[in-house]
Amino acid sequence: MALEKKIRELKEKREKMLLGGGEEAIVKQKAMGKNTARERIMAILDPGTFNEYDMFVEHDARDFGMDKKNLPSDGVVIGTGTVHGNPVAVFAQDFTVAGGSLGLMHSRKITKIMDHALKMRIPLIGINDSGGARIQEGVNSLAGYGEIFFRNTISSGVIPQISVILGPCAGGAVYSPALTDFVFVVDNISKMFITGPEVIKTVLGEEISMEALGGARVHCETSGNAHFFASSEEECFDQIKRLISFIPRNNEMRAAVTETLPPDARYDIEKIVPGDSTLPYDVREVIMAVADGSDFFEIQDMYARNMVIGFGRIGGRTVGFVANQPMEMAGVLDVDSSDKAARFIRYCDAFSIPLVTFVDLPGYLPGVDQEHAGVIRHGAKVLYAYSEATVPKLTVILRKAYGGGYIAMSSRHLRADFVFAWPTAEIAVMGPEGAANIIFRKEITSAANPDDMRRQKVDEYREKFANPYVAASRGYVDAVIEPSETRRLLLHGLEVSENKDVQMPWKKHGIPPF
Amino acid sequence: MEKKDTDKLVIDHTAYTTRLSPRFVSRKPYEPPVPGKIHSFIPGTVVEILVKPGDKVKEGDDLVILEAMKMKNRLKSHTDGKVVAVNVSTGDRVTKGAVLVEIA
Chain A
72 MALEKKIREL KEKREKMLLG GGEEAIVKQK AMGKNTARER IMAILDPGTF NEYDMFVEHD
132 ARDFGMDKKN LPSDGVVIGT GTVHGNPVAV FAQDFTVAGG SLGLMHSRKI TKIMDHALKM
192 RIPLIGINDS GGARIQEGVN SLAGYGEIFF RNTISSGVIP QISVILGPCA GGAVYSPALT
252 DFVFVVDNIS KMFITGPEVI KTVLGEEISM EALGGARVHC ETSGNAHFFA SSEEECFDQI
312 KRLISFIPRN NEMRAAVTET LPPDARYDIE KIVPGDSTLP YDVREVIMAV ADGSDFFEIQ
372 DMYARNMVIG FGRIGGRTVG FVANQPMEMA GVLDVDSSDK AARFIRYCDA FSIPLVTFVD
432 LPGYLPGVDQ EHAGVIRHGA KVLYAYSEAT VPKLTVILRK AYGGGYIAMS SRHLRADFVF
492 AWPTAEIAVM GPEGAANIIF RKEITSAANP DDMRRQKVDE YREKFANPYV AASRGYVDAV
552 IEPSETRRLL LHGLEVSENK DVQMPWKKHG IPPF
Chain B
15 MEKKDTDKLV IDHTAYTTRL SPRFVSRKPY EPPVPGKIHS FIPGTVVEIL VKPGDKVKEG
75 DDLVILEAMK MKNRLKSHTD GKVVAVNVST GDRVTKGAVL VEIA
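Just so you know, the protein sequences line up as chains A and B, in that order.
Numbered as in the numbering used here, the first sequence ends at 585 without a single skipped number.
Numbered as in the numbering used here, the second sequence ends at 118 without a single skipped number.
Treat the hints as calculated values from the structure; they're not laboratory data.
Honestly, I wouldn't trust all of these hints.
[To be verified] Coverage of chain B stretches by chain A, computed from C-beta distances (three or more under 8 Å per stretch; other residues unrestricted):
(1) 28-35
(2) 57-70
[What the hints assert, rightly or not] Calculated cross-link-like contacts (lysine-lysine; reagent style BS3-like; alpha-carbon spacing at most 25 Å):
(3) A:Lys140 - A:Lys99
(4) B:Lys42 - B:Lys84
(5) A:Lys272 - B:Lys84
(6) B:Lys110 - B:Lys66
(7) B:Lys110 - B:Lys86
(8) B:Lys70 - A:Lys272
(9) A:Lys272 - B:Lys110
(10) A:Lys342 - B:Lys72
(11) A:Lys272 - B:Lys72
(12) A:Lys312 - A:Lys190
(13) A:Lys87 - A:Lys76
(14) B:Lys22 - B:Lys51
(15) B:Lys66 - B:Lys42
(16) B:Lys42 - B:Lys70
(17) B:Lys84 - B:Lys96
The C-beta atom is built at its ideal place from N, Cα and C for all residues, glycine as well.
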């Protein structure tokens, strides 16, 4: 009898906590197109796998009337569960409780689950929906943020860390997502900024809406802070689940191997790339022509589109694809695309995901704005990331590979394991036009008809150097291949490099140019 | 995704048919600095104007006090010359890079 009573008591206590900030606050949350914290977690996790901890945690703040305030679960829900059978740790801030504000106990719950994730070597999913620091708790809430940032940093490269922004995430709070691997945002729901529109208006006199300052679209298109854009929370949850299917649980495991599927016959690899290297095409079709089931999960598809990055599988194993996109800015390397590629390369390297690179670029983007924005420093990130990566590195040069761009894009010189080139490849210091204009300047300017002479010299240069055979004659390219052989050679290359083992010199850590 | 890849990007004398990014299209063309043009280096409020057109100024003379981030910044002349234009009034909110005073 006593036990039954106790169990009933527990159930009642639980019921109360599960209501979060109460019916009224939930109605408000729903009106904004938002799910509650626990609904979100359950939508991401496999059905029935969520186990919640620290449900009864309470704050003990005294000042500013806080002693009279009861905040269920202190405004954050933590627990563990599985996604496609993979164990994960998760926290979700509950906006219905004091606006999801972060106080000391709230932060301790988050850091507890973060510590679990790191100890257990399982991915961490953090759902952010918070007005910011709980100001009544003063420096304790700042301490809380700091403890979170520290854990984000030490867990980086050990376990995958995924941030989901499903509401406001403002001020210092934004640095937790910024330190994690992937940031998911939802249109009209996510808001991220260091200083909000009001402060900007008072201090600087600039007027801007929250959406235009730090909405989902801005962070996907302009700032590059977010990686995945969704129109609804449901779409966002599907994206998270899909991402998890591609990545390993931690840096000592490999991503799950699936059954090998042939690419979709719709993608005819010989018909995608125009022979004229000044003409555009969509390099994602090349990726889909070689990927298992033509399944390509693109990352940051709205940002720096001249570089395409994302996951796919070849022979059932996850690979990270990196490709220049000729139909956007001719596929140049610039500040943003370098940054985008370099970070992804380091992610893949940290989590033992082989890199497959498709090269077709005219080089780095010229311009005062690029130089002044630090294209030297940002461009160097690509060199650093590829050089440092010890995962299998397979490169396919499709067409242009000019100058510094050739070197940067996973060339033999940065220790690519296999470099293949299509017969359409042009591996040279620069394009024929530019090169002929420099090498034959005298001949061209002193000719009776400079235009004819220029054309002649451009053709001469093209004939001689704009091909893969010069590089192949030096062994910089391992094989010149037919486009239709690409998938077979990538499959084989990945197979033979399965146990690749490279020892790097001991160091505490490198100093990448960021 | 919108399919408009008929733009041209010229690199090393070669024109590539491609789509230009918004960031590239909206980039500000470089303008060499003109010593006589005094810009606001930060968005803020003009709280005091210390010169008027026709005034002679020396390099280092204070021209305008621009309040930004709760700091009162003294904008000084980079050159000796005569004030030919004052483009702002006291109390004006100015954006970064606005030309406040012109000296010739």
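Are there hints from earlier that the structure breaks, and if so, what are their numbers? Hints 4, 8, 10, 11, 14, 15, 16 and 17 are the ones this structure does not satisfy, whereas the remaining hints hold.
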